[in-house]
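Based on the hints, put chain B in the right spot on chain A.
In case you want the letters, here they are:
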Amino acid sequence: MAVAITAQGLGKVFNGTAAVDRLDLAVEPGELLALLGPSGSGKTTLLRLVAGLEAPDAGRLLFGEEDATRLAARQRRVGFVFQHYALFKHLTVADNIAYGLRVRPRRTRPPEAEIQRRVGELLDLVQLNGLGKRRPAQLSGGQRQRVALARALAVEPRVLLLDEPFGALDAQVRRDLRRWLRDIHERTGHTTLFVTHDQEEALELADRVAILNRGRLEQIGTPDDILDRPATAFVAGFVGEAVRLAVEAAPGTIRIGAQPISIPTGDVSGPAALFIRPRDLLVCDDGPDALSARVIAVRRTGPARRADISFGPGLPAVEVELPATSSVRKGDTLHVRLTAVRLFSSSRRGDDGRQS
Amino acid sequence: MSVAALVAPRAVFVKPSPLPGFGLTFGFALTYLSLIVLIPLAVLVWRASGLGLDGIWRVATEPRVLAALRTSFVTAALAALANAVFGVVVAWVLSRYSFPGRRLLDAVVDLPFALPTAVAGIALAALYAPNGWIGSLLAPFDIRIAYTPAGIFVALVFIGLPFVVRTVQPVLEDLDREVEEASATLGASRGQTVRRVVLPLLAPAILTGVALAFARAVGEYGSVIFIAGNMPFRSEIAPLLIVMRLEEFDYTGASAIATIMLAISFASLLAINALQAVSRRRLGHA
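So the sequences go chain by chain: A and B.
The first sequence begins at 1 in UniProt numbering and counts up by one.
The second sequence begins at 1 in UniProt numbering and counts up by one.
Extracted from the complex, chain A is given alone in its bound form (with noise of 0.2 Å):
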């Protein structure tokens, strides 16, 4: 049932800038697959291209063996739900899950009664029993979003595409159908690609992570990948609440501002960028290889504190965080030590990190 998706060099221009840049993508079957970008960089026009929606102006797009690049989006056979649902809205619930089977042609079409069984499960799948009789109009957000994952696995597709499945619904509800959705996909194995600008969501939910910027692949790994190891700066930008410090860069150590560490730098030496997350720097006594910083303000978040230090004039500031009972106050001077190292050269072109 689950078939492999692959992109190659598939692309999208419109009105002369391109949406989607001569990408290559691997999904493998039976595998979930978070696209995961900023806004305009091209995940959407990618999903599109995926399920037929758009005509691709270069590439090939492959599921499994079967060349899919001239297919119309009614033979492709997909899945697809959108952001804001798209249910019919003069059908019933359950009419709207039987839509697809009930617009086959006669040959394939199943009896009326197989599609009232079919109905029937999938209104267990998703939870919605008893509401089959309803109209779109008459369910809250959470629930018609599942009559819209309903009405797409009723076709039995061969790949789900999800266009910011949760986009519209609030947090509370983001986080329930979540869960309940790579259940879903546990249970129904179907190769799963899925469009997010929350990196949150696409860490937790997904098998793999494709990070896209300005209509290019820029990393695609498992969650630990695109946290821990980063393979440019613009993903070690996006990622994991990291801020960016411009430094200088010589073999084993580093300048920032006026304060230089010994760090491993790799190759990178020059002008370079620096990348930061709350949980990289650790408090720690004055020493050769730590850094003092002002502190700029303290705040609570969950669990622990933030703070926002500075580690010279000039240099944007660089959260912090630390346990809930410490008493670091605004003006104090801080010393911390950086447990992660995610430096990148700014020489790249490209490769500035920045998230436009």
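Since the hints were made in silico from the structure, they are not lab data.
We put the CB at the ideal spot given by N, CA and C, even for glycine.
Be aware that a few hints might be false.
To be verified - Short, incomplete list of chain B residues facing chain A, as computed with Cβ under 10 Å:
1) Arg177
2) Glu180
3) Glu181
4) Ala182
5) Ala184
6) Leu186
7) Gly187
8) Ser189
9) Pro200
10) Leu246
11) Asp250
12) Thr252
13) Ser279
Just chain B now, with coordinates in the frame of chain A:
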């Protein structure tokens, strides 16, 4: 005093609304409607009532009146249905495609509103007469449009077109494209998408347009009399009969026919409104 007593429901004329101004606007609407619509219509019915119910019935069942009423309502209904089909097609073209001259075409749709209907009638009669541009093409096949009920139909289609186009077009423009895309990804052909998704969503707007076109067509006079030939029992419309009675100073007879037309029109419009309410409810509107 218990809380229940405080909040006990009280019989009210209208449900309280958070939006102020009900009294003022309702009063204005009622006064305005009375002055413009209800009082003139009441005078009409009052004039006719001089005949008594059986008198009106006698006028209504005169063979010539009966024939004229049938011609009026049947051709108006047929023209409204024709406009339902072609008006939706025109609205579709105007809202879905961009092509050179689209704005011009968009403006042309309203011309039947702007043109004095008598001018339209004369132009149509000239076109469709056996020696006119279109009439001469049809003459060899022994098809006659002008001076037959078919001519009335043509005139009524002409004047009714803008109603359907203008009610359907905005709804079509607002229609969520994702709904059609969802239908396509579920395996529906374009034809199935239009039939099963687009048309049901347009139904209330189409019904509104049809009701307006029908109402306009029933009362149409100017364009029809020039093309109809006005042969009693064949191509004579009820409004013409009314004018003829007026010219004979038979005011009571004229208002009797008018009252009958009013009753039939009102019943038809109520029926269409009921249909519309059903289709709107299906779409989940209040």
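Looking at the structure, which of the earlier hints fail to hold?
Numbers 10, 11 and 12, in rising order.
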